[in-house]
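Asks: Chain residues, written in single-letter form:
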Amino acid sequence: MPDPLLALSLGLLLLAALLVIIWPKQGLLARWQASQHNNERVRIEDALKHIHKYEMRGQRATLESLAGALQLSTEAAAQLLGRMQALGLVEASSDSYRLTAEGRDAALHIIRAHRLWERYLADQTGYREQEWHEQAERLEHNLQPEQVDALALQLGNPTHDPHGDPIPDAEGNFVYHGGRPLPALPLNTRARIVHIEDEPETIYAQLAAQGLYPGMTVQVLDVSPTRVRFWANGNEQILAPLLAANVSVIPERDLVQANGAPRSSQTAETLATLRLGEQGRIVAISPRCRGVERRRMMDLGFVPGSVVAAELISPGGDPTAYRVRGAMIALRREQAQLIDIQRVAEMTV
Amino acid sequence: MNAELTFPAGRQPGGGERVAPSAEAILDTARRLRWEVGGDFHQTLMEAIYTDAATIADRAVTRPGEKPRFDLDRTIDRVVTSRIWGFPLMILLFAVVFWITITGANVPSRLLADLLIGQGVPFLHGLADTLRLPLWLSGLLIDGMYLATAWVVSVMLPPMAIFFPLFTLLEDFGYLPRVAFNLDNLYKKAGAHGKQSLSMMMGFGCNAAGVVATRIIDSPRERLIAIITNNFALCNGRWPTQILIASLFIGGMVSARWAGLISALAVVGIALLGVLLSFLVSLSLSRTVLKGQVSTFSLELPPYRPPRFWQTIYTSVIDRTIMVLWRAIVFAMPAGAVIWLIANIHLGDLTLAQHLVSLLNPVGLLIGLNGVILLAYIVAIPANEIVIPTVLMLTVLTTGVTGQGAGAGVMFEANSAADMMTLFRAGGWTLLTAVNLMLFSLIHNPCSTTIFTIFKETGSRKWTIIAALLPLLMGFTVTFFVAQIWRLLAGG
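Top to bottom, those sequences are chains A and B. Read in order, the letters of the first sequence are residues 9 to 357 in our numbering. Read in order, the letters of the second sequence are residues 1109 to 1600 in our numbering.
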């Protein structure tokens, strides 16, 4: 029998070592996997995306912008660009770089893979919005064109990723949303969020935490150099201008009718605000309620037009049971917050 | 896109003849419209279809007034989910269910054991003698295979045939969904579904049945969590082990007056530790490996209705009986053969079992158990019920204690607590061995029936392996640390 103190220390050491290896994100295993994704091909593909992004904005990518975006030294970036020129993917003009036709095709393939994968994560998995981008960043480099096409087919050829960015079709065609930044919206004009920039991650996490998502109706109340105050689906919100600039909107009067009729403006309340005995008529289900969950809600009878009454509350405080279409369905608070309602008076049965 | 579209020439809604547009032009239009229509198109369309269906149904379906029933439902609901009465009522109901199961199962269990083992085994041996079967064959068939099967049936059948029908009645009445409703907030904090409380409750009867019961959870992520953590509900096959060891060792520490209470508390403590572990494991699973699985919460609270008493009892009892018999024959019978064989095959001077025990002893002793217990857990993977009989048989075999047991490879239960204690002492058991055995019995791999059921339910090798190995690793870790700390504090 080994000395218990020795065995105990060895055991603790082993446990610690195991945790160091398998700890999510910071663990050795996770780091090793990440390092596998940092070879030259991946860097070239990331560089293509960067240059394409600048071209879309009407800017020119430079050596410095590329080095900054990919977190490389200037020498390494220059080397990378030299290699890309040799491959015929970019061409240099004075101090900036442009994509060749071949380079653009390659860039669009990566972007298509990235955005389709984000769409897939949003619709068919349980990952939260903060995790979509990072996962897609890794996966985009591993998908073959056939796989991307199969994915698009399976998802029903979606046109936009969950942030509102257009997904290029197989031929590389796409239409840009054409929105303007939220602070540039004239005051008191109702507009729809069409895009939320998902980079950098910290800013996106804040926007997501505020509950902003493409498809939401907003109205700017006032803009000052330090803050933008606006209504979003009935709630007043405040953002720093830097954050607000990452939200693109289109005034509702400019929206094509086919984009879906503008949502009713009285949707100040969600199902979660109903107290026991009160009832409301469903006006809309938030686009944040996606994929399987959305279908499930509709299967249960939570569709626009249904009258819902709050009947019971769990002794634990959550969930709440609602009577909808003759059935009692319990929903958690976060789910009830995804359903917009309009209060109606107690029905006479 | 190689669509070949043909259109009946002309016949536009506006009237007048026009040349049919070319396929190319149509595809072009489609492509352009795709962008104009926008991303929410599918959802808008789906929503519209659902809304239309709902409107049509509202127009066409008349609902006869069910007001009296509805009010009764409402009254019951107010009580069973009230802040004051909700939890006490729930605890009371389940306490009653467990009490009926435990007291009600004792008598039939003893009867079955008497019949199948007390009379069955001698009768079969007599039969084998008249048929002049060779000793090894009758040993393998009767002492090995038949005995293990009979053991599992007599231990498992009565509690199963009482516990599950009671549960089914509660379910039929409509009460169980209210339990999930009451407890959901607790489970939500662990990233799980309130209905996991129900599948766990079933797990107290049988983990395999608990795993099947997770079908009521329709959200994929929460269902996997419920399946993987079900094993932490102390099942019917493990309760006897816990009760026996607790009353022998832990109850034995205090005066006879308190022994019953203390050992009962120890067993309840182990069961509660299991519940706590199921929460902790649920939490860490939902944060790590199961992060990407789809999660959709919904819980229907169906109207109450009087249960169809006899029909429910009948089908439920038949179901359980069939399941127990199937399990006993498919899983326990081969285990019985293996147990008999390892105790009777000699390699050199020693039996295979003795070799294996000395092989496992260093590991067993390190984690505060011993080689006999580890070997018993390995051969008794198919059924936790036969762990203690196997341990007893192996202890006799390895220590050479005389006057106990019925021969090599024949599982038995000692006649009295004192006999059993003598045997355990001879095997070198201490209080640490007992505590760690109780812990290991709670935290180890599920039995092979459960593993098989998990595979059938998830259809995935990966989740089956995780569900089997995760608790085993946890069990080794827990017993290891308990043993080392115990020895440090106890000074050796």
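Some hints here could point you the wrong way.
Stated by the list, open to error - Straight-line Cα separation of at most 27 Å, DSSO-like style, residue types lysine-lysine; simulated pairs: (1) 1564(B) to 33(A); (2) 57(A) to 1296(B); (3) 1296(B) to 33(A); (4) 1399(B) to 1564(B); (5) 1297(B) to 33(A).
For the record, the hints were derived by calculation from the structure and aren't laboratory data.
Asks: Hint by hint, note whether the structure agrees.
Replies: Hint check:
{"no.": "1", "hint": "1564(B) to 33(A)", "in the structure": "32 Å, violated"}
{"no.": "2", "hint": "57(A) to 1296(B)", "in the structure": "40 Å, violated"}
{"no.": "3", "hint": "1296(B) to 33(A)", "in the structure": "24 Å, holds"}
{"no.": "4", "hint": "1399(B) to 1564(B)", "in the structure": "22 Å, holds"}
{"no.": "5", "hint": "1297(B) to 33(A)", "in the structure": "23 Å, holds"}
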